[in-house]
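> Those sequence lines, one after another, are chains C and X.
Each residue of the first sequence is one higher than the one before, starting from 0 at the first, in numbering that gives the first Met the number 0.
Each residue of the second sequence is one higher than the one before, starting from 0 at the first, in numbering that gives the first Met the number 0.
Don't take each hint at face value.
[As the list claims (entries may be wrong)] Derived contacts from chain C toward chain X, CB cut-off under 10 Å, selection only:
#: 1; residue: G39
#: 2; residue: R42
#: 3; residue: G48
#: 4; residue: Y49
#: 5; residue: T74
#: 6; residue: S99
#: 7; residue: P100
#: 8; residue: V102
#: 9; residue: V147
#: 10; residue: Y149
#: 11; residue: A162
#: 12; residue: V164
#: 13; residue: R165
To be clear, the hints were calculated from the coordinates, so they are not data collected in a lab.
The C-beta atom is built at its ideal place from N, Cα and C for all residues, glycine as well.
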Amino acid sequence: MDTWRLIPFSRHDAFENMAIDEAVLRCHSADRIPTLRFYGWERESVSLGYFQDVERELNCSLCRRQHIDIVRRPTGGKAVLHGSDLTYAVVASASQPPFSPRVLETYRVISECLIRGLEKAGIRADMVREGRSVHAGEGDSCCFAVPVQYELCVGEKKICGSAQVRVRDAFLQHGSIPLTFDGLRSRMIMGLQGGEHGGVPDALTRSVTSLQEQLEDRASVERLCEHLAGGFEEYMKVRLILADLDRDEEIMKEELLRKKYSQLQWNMKGLMVM
Amino acid sequence: MSAFPDDLLYSREHTWIRVDGNIATIGITDYGQDKLGEVLSIKISTPDSSVEQDEPFGMIESEKAVVELISPISGDVINVNEDLIDDVGIVNSDPYDTGWMIIVEMSDISELDNLLDSYEYADYVEEDEEVD
Chain C
0 MDTWRLIPFS RHDAFENMAI DEAVLRCHSA DRIPTLRFYG WERESVSLGY FQDVERELNC
60 SLCRRQHIDI VRRPTGGKAV LHGSDLTYAV VASASQPPFS PRVLETYRVI SECLIRGLEK
120 AGIRADMVRE GRSVHAGEGD SCCFAVPVQY ELCVGEKKIC GSAQVRVRDA FLQHGSIPLT
180 FDGLRSRMIM GLQGGEHGGV PDALTRSVTS LQEQLEDRAS VERLCEHLAG GFEEYMKVRL
240 ILADLDRDEE IMKEELLRKK YSQLQWNMKG LMVM
Chain X
0 MSAFPDDLLY SREHTWIRVD GNIATIGITD YGQDKLGEVL SIKISTPDSS VEQDEPFGMI
60 ESEKAVVELI SPISGDVINV NEDLIDDVGI VNSDPYDTGW MIIVEMSDIS ELDNLLDSYE
120 YADYVEEDEE VD
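My request is simple: use the sequences and hints to build the entire structure.
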């Protein structure tokens, strides 16, 4: 049976979380086994997609006043509010079956793993077969507003938002699974108009669900990680072995943190000096 | 089957290069754009910057992924396709003509020996498709 590495669950600030994900990606090569990671966020943070315009798509003054960290991801997609979510990350080679050179096919494979993991946790999730265009207008700065093909929903509500980056044959896909979801707060932070009217939840709140909403008994984050990890083992038919970053990855992480993710010019403008 | 014009050279990172003396025009192949899906955004090297063979010259976003663009050649960037700012979709619709990305004055023409002709690239694509 093939093996994957499972990095033990940990919580870091937004900048270190992204530095770890990208370090694992940059150090990945065809002779390394795939990596699975689950992590949390030390404090409330917003992560933006690589190409997003921070000033236009985020309420930056609110983030500053409330000490919400802003980090630009190495991956695409839209903004995600973190702090009340569980985040997963997968790094592997796109040419290694069952992954694919085709981006959406890789999404499908990882979604299959997550579906099985969520099922172990007691949640019946399905894949979106026909996603909405990412050109959607209302709420389009927010990841959870736009369900894309092969993303996961429970009924009509999105339960996981994911994004991917590819560097040659290696890819990093990471995603957010809300433990709880505050649609009004997400809208405020994304600078979106509108909100609850007369007790009726806004469109964003109606389109997103969370583990708290789906589960009667609140499971620990660690238990959830076990379930999700089990989903990967089951679908991919692999054995997960616990291991932290190796020395090369640690060095790469520190460099990325110092030169990229701690820098305003990267997080706010997407400009790099490395 | 994707098109592989035989007046071009190709890289394993799915970029094409049209050579005219020591000037190279670069873009991504039809197969490359098909793998990506609908292109949404692009960021590429600016004029007066330099690129290196097998190193990134930009990033491209499609549907749900950001992908590094890898240069097939080394040299100085002398022009970029500004039409991509207004209509990045030409990367999908016309990858070999109006969808070109950068023009480079090559610094080492021998690097062309590392690239593939249209037949070799077609074989490479066939292997890649078998992974799918």
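> Decide, hint by hint, whether the structure agrees.
Hint by hint, here is what the structure shows:
Among the interface hints, the one on G39(C) is violated; its C-beta lies about 23 Å from the nearest C-beta in chain X, farther than the 10 Å criterion. Proximity of R42(C) to chain X is violated relative to the hint, the smallest CB-CB distance being about 26 Å (cut-off 10 Å). The closest approach between the C-beta of G48(C) and any C-beta of chain X is roughly 8 Å, which is under the 10 Å cut-off, so the hint is satisfied. The interface hint given for Y49(C) is met, as the beta carbon of that residue sits about 5 Å from the closest beta carbon of chain X, less than 10 Å.
Hint status for T74(C): holds, given a least beta-carbon distance of 6 Å to chain X, under 10 Å. Nearest Cβ of chain X to the Cβ of S99(C): about 5 Å, under the 10 Å cut. The hint holds. Evaluation of the P100(C) hint against chain X yields a held restraint, the C-beta minimum of about 5 Å falling below 10 Å. With its C-beta approaching chain X no nearer than about 4 Å, V102(C) sits inside the 10 Å limit, and its interface hint holds.
Annotation: V147(C) was flagged as interfacial toward chain X, and the flag holds, the nearest CB pair being 5 Å apart, inside 10 Å. With a least beta-carbon distance of about 8 Å to chain X, the hint placing Y149(C) at the interface is held under the 10 Å criterion. Because the beta carbon of A162(C) sits about 6 Å from the nearest beta carbon in chain X, less than 10 Å, this interface hint is met. Proximity of V164(C) to chain X holds as hinted, the smallest CB-CB distance being about 5 Å (cut-off 10 Å).
For the restraint placing R165(C) at the interface with chain X, the shortest Cβ-Cβ distance is roughly 4 Å, inside the 10 Å limit, so the hint holds.
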